[in-house]
Amino acid sequence: MDGSKTDTGALRAAIVAVLPRLRRFCQARAGNADDGDDLMQATVERALLRSHQFDPATRLDSWMFRIAQNIHIDQIRGVRRRGAHVSDEELIELPGDDGRILVENRSDLALVLVVIEGQGYRQAADTLGIPVGTVMSRLARARARIAEAMAKGAPVS
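Just so you know, we're using this note's numbering here: the sequence shown kicks off at 19 and counts up by one.
Keep in mind that the hints were calculated from the coordinates and are not lab data.
In this text, a Cβ means the ideal position worked out from N, Cα and C, and glycines have one as well.
There's no promise every hint is true.
Pairwise CB distance ranges, derived in the manner of DEER restraints [what the hints assert, rightly or not]:
hint	residue 1	residue 2	range
1	V34	S155	27 to 37 Å
2	R159	G27	25 to 35 Å
3	R64	A165	32 to 42 Å
4	A31	E166	38 to 48 Å
Construct the complete structure from the given sequences, taking the supplied hints into account.
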């Protein structure tokens, strides 16, 4: 991007097109709608501030999801630095607005990216900052958990 108004306008329009998917990702990552919307707002703000760093040869949605992931990790670290110790599992298992767990564990986040968002394994791995093999094993665990819950007749959250 050369910083022209046309490029900035095109990037902004592309970001707007990604917002519904980014919102779902942020809400799944944060665990509830309000925190997810806050995460999405911070993500868009950072993306606009750092738009000069975006490489048009890469996928905008992957770049945005990675920014959201990094902000979320920074927020977790901030909570820990302030003295409130919260495990990653507790942060992932925050209840949603209706009391259900939106993202029960890391396996579910991989499931959200691949199944709901339609990302390939490589793109999901890049978004989460993990190897492709880890994405595959997390998907297998999530699918096994869903199959087990369905076999028991339990609701899948």
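Results for each hint:
no. : hint                      : in the structure
1   : V34 with S155: 27 to 37 Å : 35 Å, holds
2   : R159 with G27: 25 to 35 Å : 43 Å, violated
3   : R64 with A165: 32 to 42 Å : 38 Å, holds
4   : A31 with E166: 38 to 48 Å : 43 Å, holds
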